[in-house]
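Novice: Input sequences plus hints: build the corresponding full structure.
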Amino acid sequence: MFESFDAILLARIQFAFTIAFHIVFPAFTIGLASYLAVLLGLWLKTGRGVYLRLFDFWKTIFALSFGMGVVSGIVMSYQFGTNWSAFSDKAGPVIGPLMGYEVLTAFFLEAGFLGIMLFGREKVGRGLHFVATLMVAFGTLLSATWILAVNSWMQTPQGFAINEVGQFVPVDWWAVIFSPSFPYRLIHMVLAAFLTTALVVGAVAAWHKLRGRDWPEVHTMFTMAMGMILVVAPLQIFMGDLHGLNTLEHQPVKVMAMEGHFESHPNGAPLILFGFPDREAQTVHWSVEIPKLSSLILKHDLNAPLDGLDTVPRDLQPPVEIVFWSFRIMVALGFAMLGLGLWSLAAFLRGRLHDSRNLHRYALAMGPAGFVAVLAGWITTEVGRQPWTVYGHMLTADSASPISAAAVGASLVAFIIVYFAIFGTGVVYILRLMARLPEVDEDDLTDGPLRSAGITPGPARKESHHGH
Amino acid sequence: MDIDLPTVWAGIIAFAVLAYVVMDGFDLGIGILFPLFPEKEDRDVMMNSVAPVWDGNETWLVMGGGGLLAVFPLAYATILPALYAPLTVMLLALVFRGVAFEYRWRSDTGSRRWDVAFFGGSAVATFAQGIALGALVQGIAIEDRAYAGGWWDWLTPFSIATGLALLAGYALLGACWLVLKTEGGLHAAARKLAMRAGLATLAGMGVVSLWTPFLNPGYLDRWFGWPTIGFSLVVPLLVAGAAYGLWRGLTRGPDWLPFLAALGLFVLGFAGVGISFYPWIVPFALTIEEAAAPEESLVFLLWGSVVLLPMILGYTAYAYWVFRGKLRHGEGYH
Ligand code: HDD
Ligand code: HEM
Ligand code: HEM
Chain A
5 MFESFDAILL ARIQFAFTIA FHIVFPAFTI GLASYLAVLL GLWLKTGRGV
55 YLRLFDFWKT IFALSFGMGV VSGIVMSYQF GTNWSAFSDK AGPVIGPLMG
105 YEVLTAFFLE AGFLGIMLFG REKVGRGLHF VATLMVAFGT LLSATWILAV
155 NSWMQTPQGF AINEVGQFVP VDWWAVIFSP SFPYRLIHMV LAAFLTTALV
205 VGAVAAWHKL RGRDWPEVHT MFTMAMGMIL VVAPLQIFMG DLHGLNTLEH
255 QPVKVMAMEG HFESHPNGAP LILFGFPDRE AQTVHWSVEI PKLSSLILKH
305 DLNAPLDGLD TVPRDLQPPV EIVFWSFRIM VALGFAMLGL GLWSLAAFLR
355 GRLHDSRNLH RYALAMGPAG FVAVLAGWIT TEVGRQPWTV YGHMLTADSA
405 SPISAAAVGA SLVAFIIVYF AIFGTGVVYI LRLMARLPEV DEDDLTDGPL
455 RSAGITPGPA RKESHHGH
Chain B
620 MDIDLPTVWA GIIAFAVLAY VVMDGFDLGI GILFPLFPEK EDRDVMMNSV
670 APVWDGNETW LVMGGGGLLA VFPLAYATIL PALYAPLTVM LLALVFRGVA
720 FEYRWRSDTG SRRWDVAFFG GSAVATFAQG IALGALVQGI AIEDRAYAGG
770 WWDWLTPFSI ATGLALLAGY ALLGACWLVL KTEGGLHAAA RKLAMRAGLA
820 TLAGMGVVSL WTPFLNPGYL DRWFGWPTIG FSLVVPLLVA GAAYGLWRGL
870 TRGPDWLPFL AALGLFVLGF AGVGISFYPW IVPFALTIEE AAAPEESLVF
920 LLWGSVVLLP MILGYTAYAY WVFRGKLRHG EGYH
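Chains as they are written, first to last, in this note's numbering: chain A, 5 to 472; chain B, 620 to 953.
Please note: incorrect hints may appear among the correct ones.
Claimed, not checked - Covered stretches of chain B (chain A as the covering partner; in silico rule of three or more C-beta atoms under 8 Å from a C-beta of chain A):
hint: 1; region: 668-682
hint: 2; region: 695-703
hint: 3; region: 711-724
hint: 4; region: 912-923
It should be emphasised that the hints constitute simulated quantities derived from the structure, not laboratory data. We treat Cβ as the ideally placed atom computed from N, Cα and C, and that holds for glycine.
Specialist: Rendered as structure tokens:
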């Protein structure tokens with residue numbers, strides 16, 4: 005049934021599909037692990053029960069998402085061999101050890117301390133439990149660091165030689181790990197993860213607020229999330245700009261595709277806001293442009309010349325249509341997040357952070373925005389570097405396994421069915437957990453200050469157990 | 620200093636695979652035994668006895684696969700396509716059982732469904748791993764640094780036999796883990812099961828061991844030629860010793876003895892495979908030397924492994940220590 009398809013195309017779809025599912029979970033758990041560590045730290049420091057209740061509330065959600073991240077991640081570590089064996093043979097000596105370090109430093113650390121973090125508070129005591137929580141958070145960040153070093157090397161490779169059998173051989177590990185795009189990609193991705201988590205936390209708080217559940221936990225969540233967004237969204241936009249300038253230097257063709265610049269502009273390129281790129285015709289239909297702005301953003305000079313895709317042979321151009329749109333989606337969402345942060349600030353200054361319903365509605369609507377922006381960002385990055393796997397050195401077409409289209413197609417269908425069923429169910433369970441209210445476990449608490457402040461969780465709390 | 624890096628690395632990878640087999644082996648075994656314990660309370664205890672450690676156990680699988688990519692990229696690039704179907708099935712099965720750990724507690728009505736997913740996922744993943752082992756032992760076709768066989772080559776009577784043997788073996792590990800971790804009725808049932816699974820495992824090991832030398836004259840030579848024939852005489856004796864330990868532990872001995880004896884059986888079986896393979900990494904097609912990554916890669920990762928693996932073993936042991944002792948009904952982590 006798959007004879008008419010090309011095995012490489014199917015393998016690409018399979019990789020894109022499985023990794024797009026995988027990244028959704030780390031994007032959330034990287035931020036959530038740090039958030040949990042902060043909550044626990046605040047509880048240990050202040051003794052206020054809100055923090056512990058929030059910790060317990062998000063801990064279960066973390067456990068679920070982490071589990072999904074792990075199982076989808078294990079699939080990834082075998083995909084390179086099953087579908088991209090030529091790539092594995094050639095690039096394995098460079099990227100393999102980096103992923104090896106990811107396992108040794110990050111995955112074992114997370115897995116080793118996860119059990120204690122989730123189930124061991126009574127067994128090991130508060131101090132060690134806090135250490136375990138910190139280790140898990142640290143592990144997620146380390147994991148992102150190594151895997152992004154791998155990806156960045158594939159985007160902007162350096163520090164290697166090619167041996168007699170055509171393998172990439174590491175010459176300078178420092179150069180391999182710190183490839184030119186790595187610092188930018190790492191910071192941009194980690195900020196993205198923090199934003200994604202803050203948006204989710206904020207949306208959960210907003211949802212409870214809109215249903216009239218004005219508990220201290222909900223207040224705390226909302227304030228923390230909006231504060232985080234206010235600080236991180238502008239940083240992210242700033243980093244995104246720097247990341248783009250770095251890409252212009254090392255992968256100019258990708259930027260041409262993002263900008264939709266088919267033509268070269270010797271004196272000042274316009275910024276195309278919207279339009280419909282058409283690779284056949286090598287033009288952008290119905291484009292809405294601001295003259296010279298692109299040169300200003302990318303070169304900081306209104307009249308700077310910018311090359312277009314007309315300088316690149318057709319078969320080395322990435323799929324412009326996809327990159328053009330995914331980039332705009334990411335940027336638009338970035339500004340929408342900035343808007344949320346600023347609105348919250350304004351509401352806070354007027355003392356209305358906790359009772360502006362429109363703000364809460366907006367925060368709720370922005371809940372999934374982080375995930376969408378992360379996926380859009382990765383699609384820009386990965387589709388924009390086509391047709392290469394190792395940029396400038398190894399073509400995607402030369403990377404695949406000698407596997408028949410039938411085999412790749414059959415496994416692709418299996419992945420699609422299983423992933424949607426399994427992870428779809430998981431998302432439903434997570435949403436249900438989010439709809440509860442943090443539970444009060446009387447034994448657990450040292451809740452003095454809060455109670456004496458007169459906010460006594462009354463009968464309405466019972467309603468929470470039924471959720472929606 | 621002159622050390623044979625590829626061989627050192629073959630040893631480390633072999634260790635990672637063995638660690639995976641015994642550690643994930645017992646928690647997959649728990650899943651395989653699930654249908655034999657229909658009571659929800661029993662299942663809760665079984666699940667909880669592995670919930671805090673299963674993720675760490677499974678990380679050894681990533682270490683085995685990722686390590687292979689790093690230090691034997693050519694082996695990774697030929698073995699994985701050769702085992703395309705069984706590995707894909709294994710990965711999907713691991714998805715089912717992995718999420719069941721959490722999902723099971725998230726719905727009252729669906730909890731049965733996730734029990735089935737846990738059992739099915741564990742059994743299918745085990746069977747697929749056994750098939751993968753069998754397919755590797757019987758050899759895979761390599762030409763021009765690439766897999767050169769068909770995509771059904773892995774399916775033979777021999778690989779099915781290894782699949783079944785591994786099912787018995789993991790069930791044994793799982794049952795012995797339960798003997799170690801539980802009390803009362805569950806404990807008594809686990810002892811009985813362990814006895815049966817032990818017999819099945821020994822039978823499986825016997826069949827596979829007698830079959831292997833006839834797959835390829837190379838194995839015959841290895842097992843009946845000089846000086847390796849020494850091993851052929853010692854290994855069965857040690858197996859008999861472990862089997863005695865198992866029997867003794869299950870009838871009269873302390874609760875830790877059966878688990879230790881079962882581990883012993885696995886180590887011996889694994890050593891047998893190792894003896895058959897060395898110096899090949901893909902039998903009779905690719906040697907450890909040929910498959911090895913350039914020295915720069917081997918050295919770079921070796922430093923990290925020498926420092927980090929002992930630390931990993933240390934905190935893993937600590938995690939097991941924290942959750943030591945017997946679990947009672949109703950005592951859970953959830
Ligand atoms: C919450 C998520 C998020 C948000 C709001 C933004 N990004 Fe982003 N972006 C990512 C999440 C992300 C990402 C998922 O982290 C990517 C994919 C790969 C990478 O390096 O980061 C990415 C890639 C990426 C790239 C591609 C770099 C390359 O492939 O070489 C550029 C140029 C930008 N971003 C620029 C921006 C700009 C100018 C933004 C401002 C509005 C922005 N991003 C907002
Ligand atoms: C985690 C978020 C990521 C997402 C959402 C993502 C998305 C994608 C997409 C959409 C493609 C298909 C491109 C095309 O065929 O036009 C792709 C290909 C690929 N990506 Fe990524 N990617 C991610 C991260 C990574 C990382 C971290 C690595 C390396 C370790 C990586 C390695 C690859 C490889 C090897 C391919 C297949 C070959 C190719 O088509 O270039 N990706 N990815
Ligand atoms: C930018 C892309 C990626 C990031 C940021 C990332 C990050 C993470 C993180 C933080 C985890 C821990 C589990 C969780 O929090 O959900 C994880 C799990 C995992 N990831 Fe990814 N990952 C990425 C892409 C990949 C790729 C391309 C691979 C394949 C080589 C991979 C392999 C794995 C594996 C095997 C696990 C399970 C580890 C365990 O057992 O704990 N990841 N990833």
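Novice: Now tell me if each hint is right for this structure.
Specialist: Results of checking the hints against the structure:
1. 668-682: Check passed, 10 qualifying residues.
2. 695-703: Three-residue rule met by the region 695-703 of chain B, so holds; n is 7.
3. 711-724: Per the Cβ count (9), the hint holds.
4. 912-923: n = 7 at 8 Å, threshold three: holds.
Taken one by one, the earlier hints all hold for this structure without exception.
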